[in-house]
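Turn these sequences into a full structure, and let the hints steer you where they fit.
Number of protein chains: 2
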Amino acid sequence: MARDCIFCRIIAGEAPADVVYRDDAVIAFKDIMPRAPVHILVVPLEHIASVNDLAEKHAQTVWRMFRVAQVVAEKQGIKSTGYRLVVNNGPDSGQVVFHLHMHLLGGAPLGPFGAYRRI
Amino acid sequence: MARDCIFCRIIAGEAPADVVYRDDAVIAFKDIMPRAPVHILVVPLEHIASVNDLAEKHAQTVWRMFRVAQVVAEKQGIKSTGYRLVVNNGPDSGQVVFHLHMHLLGGAPLGPFGAYRRI
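So the sequences go chain by chain: A and B. When we follow the working numbering, the leftmost residue of the first sequence carries the number 1, and every step to the right adds one. When we follow the working numbering, the leftmost residue of the second sequence carries the number 1, and every step to the right adds one.
These aren't lab readings, by the way, just hints derived from the structure by calculation. Here the structure is a predicted model, which is why all the values come from computation and not from measurement. C-beta atoms are modelled at their ideal positions from N, C-alpha and C, and glycine is treated no differently. It is possible that some hints are incorrect.
[Said to hold, decoys possible] Taking lysine-lysine and the BS3-like style, the derived pairs with C-alpha atoms no more than 27 angstroms apart in a straight line are:
no. : chain 1 : residue 1 : chain 2 : residue 2
1   : B       : LYS30     : B       : LYS75
2   : B       : LYS79     : A       : LYS57
3   : B       : LYS57     : A       : LYS57
4   : A       : LYS75     : A       : LYS30
5   : B       : LYS30     : B       : LYS79
6   : A       : LYS30     : A       : LYS79
7   : B       : LYS57     : A       : LYS75
8   : B       : LYS75     : A       : LYS57
9   : A       : LYS79     : B       : LYS57
[To be verified] Residues from chain A that face chain B, not an exhaustive set, calculated with beta carbons under 10 angstroms:
no. : residue
10  : ASN52
11  : ILE78
12  : ARG84
13  : ASN89
[Unchecked claim] Cβ-to-Cβ under 7 angstroms is the rule here; a few derived chain A residues that face chain B:
no. : residue
14  : TRP63
15  : ASN88
16  : LEU110
Here it is as structure tokens:
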């Protein structure tokens with residue numbers, strides 16, 4: 001656990017979150033600034049800063065994040081209507097919390113996902 | 001291989017693409033309608049329609065997609081400046097090709113990634 005990491009504090013029960021799923025590898029909770037009607041963060045319990053820090057030993061953790069995304073999408077009723085998975089890594093992406101997380105977004109038609117201006 | 005799938009046709013060498021990486025599990029090529037200065041699609045060779053169709057047997061494939069994203073991000077010079085990984089699934093997400101793929105976007109500050117309107 002990283003003491004200064006808000007997601008580690010949520011995982012440890014030291015900070016509040018609207019948790020929708022948890023198992024022995026992954027937690028999922030609502031984003032506090034939702035960008036879609038359904039906006040949930042899928043987060044490994046292990047503190048991994050970003051995609052750049054993933055290694056072979058995390059293969060199963062990465063898969064479990066996708067599996068949890070499937071489960072949560074179904075529970076939220078957006079399995080068929082559709083959803084977007086987003087993982088931001090580093091400055092240009094807008095990553096704010098440096099504990100790996102996957103955004104699960106849905107519940108309405110989603111917009112662009114690239115640069116501000118079409119190139 | 002799915003005969004009517006454009007990504008399967010690219011993988012089979014029957015359709016053109018600007019391929020930047022290929023191994024025994026994953027191919028990566030430039031998006032023909034780039035939404036950022038760097039916009040590459042990371043695609044499993046196996047025809048899997050979408051996230052909804054992923055199962056435990058695909059765990060290693062999912063990991064390999066992330067590993068290739070790391071490699072390609074480094075080759076493209078955006079490992080440190082940052083990048084976004086996006087996987088769209090179904091209607092609300094705007095998924096167009098129903099062969100699983102991960103967008104790798106970077107090379108400029110990226111914009112919003114949720115619904116059209118902030119909710």
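Problem set entry | Hint check against the structure, violated hint numbers in rising order | none
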